[in-house]
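Q: Sequence:
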Amino acid sequence: MAAALEVSGLTLAIGGVNVVDGVAFSVAPGEVMALVGESGCGKSITALALMQLLPGPVRRTAGRILLEGEDVTSLPERRMRQLRGRRISMIFQEPQAALDPLSPVGAQVSEASGLAGGEAREAVHRMLTEVGIADPLRRIDQYPFELSGGMCQRVMIASALIGRPAVLVADEPTTALDVTIQAQILDLLRRLAAERCTAIVLITHDMGVVADIAERVAVMYAGRIAEIGSTTAVFARPRHPYTALLLAAIPRLADVPKSRLAVIEGSVPQPAEYGPGCRFAGRCPFADAHCAAEPPPLRETEEGHSVACWHTERLA
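The numbering used here puts the first residue of the sequence shown at 19, with every later residue one more than the last.
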C-alpha cells in the first residue's frame with residue numbers, strides 16, 4: 019500500500035543552524051505513527067512543516083514531503099490552502115486557544131467541509147455525533163468558552179476531519195486533559211484512523227500515549243531521529259542509548275518507594291551548541307571520540323527497525 023505521507027531528508031534551519039536535520043519517515047493509510055521526544059527536540063516544528071506553516075525565522079533547506087505522492091514543498095501557498103483541511107489537517111495541544119472565541123462551534127467545524135447553509139449544518143451535526151459530542155444540535159450554536167476542555171478537543175478533531183483528509187497531524191492532543199478524557203480522546207483517534215483509513219502523525223512527549231495508540235514510533239533527539247520502528251519492538255528492544263534511557267526513566271509502581279527515579283544526566287544542547295557528531299554524545303554512557311566527530315547514519319538493524327548510533331551492539 020502506498021504511503022499517505024512520506025517525508026525524506028527534511029532539514030529546517032534557523033539562522034544557519036539545522037534545528038531539524040535529515041528527518042525521514044512514512045505513514046500508511048490507517049496507521050498511527052508517533053513522533054516522540056523531549057521539549058525542544060524539533061517534533062512540533064516538524065509538524066508545522068508538514069502543514070507548510072513554518073514561522074518566519076524557520077526555513078526548509080532540504081528534503082521533500084509527499085502527500086499522497088504530491089510534493090507539497092514545491093506548491094504555492096494558494097494550492098496549499100486548498101489542501102489544508104481536505105487532504106491534510108492538524109489538531110493542536112490547546113484547543114481552547116486554537117478555537118476562535120467569537121465564532122460558534124458549528125461555523126468553525128464547517129469551514130473545511132466546502133458546504134454551506136443546511137448542508138453544512140447537517141454535515142457538522144453528523145461530525146459532532148461521530149466524535150462523541152452529546153446533544154450536537156445544541157452545541158452547534160454554542161461558543162468555545164461554553165464547552166469543557168475535552169469537548170473543545172472533540173470539536174477540534176471534528177473540524178480537522180470533516181473534510182475527510184488523508185493525513186491528520188495531532189500535536190500533543192491530550193496534554194491539557196485529565197486522564198479519563200485523555201483515554202477517551204485516544205480511543206476516538208484510534209477508531210477514526212481505522213474507520214476512515216486516516217494516517218495519523220501523533221506528536222507527543224508521553225511514552226504512555228505512544229504505547230497506548232501508536233503502531234510505530236520515531237524517537238527524536240536534538241532535531242534528528244535517533245530510532246524508528248514498531249512500537250512493540252522499540253519498547254521491548256531499544257537499540258539507541260537515548261531511547262533506552264528514556265524508557266528507563268518512566269516511573270513504575272512496582273519500584274516505588276524502593277528505588278530512586280532514573281534520570282538522564284545532563285541537558286539537551288541548544289541548537290547553537292550542536293557539534294559535528296552525534297548530538298547525544300555529551301550525555302551518552304557509550305560515547306567515544308568517533309561519536310563526537312561523526313554523526314551516525316540511520317541504519318536498519320532489523321526489518322522495519324532503524325537506529326542512528328555507532329554502538330547499537332552495546333544494547334543488543
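Hints in this document: simulated from the structure, not taken from any laboratory.
We put the CB at the ideal spot given by N, CA and C, even for glycine.
It is possible that part of the hints are untrue.
With beta-carbon atoms standing in for the labels, derived distance ranges [what the hints assert, rightly or not]:
1. 118 <-> 95: 28 to 36 Å
2. 212 <-> 155: 25 to 33 Å
3. 253 <-> 137: 44 to 52 Å
Q: If a hint holds in the structure, say so; if it doesn't, say that too.
A: Taking the hints in turn, this is what the structure says about them:
| no. | hint | in the structure |
| --- | --- | --- |
| 1 | 118 <-> 95: 28 to 36 Å | violated, 21 Å |
| 2 | 212 <-> 155: 25 to 33 Å | holds, 27 Å |
| 3 | 253 <-> 137: 44 to 52 Å | holds, 45 Å |
The structure shown violates just one earlier hint, number 1.
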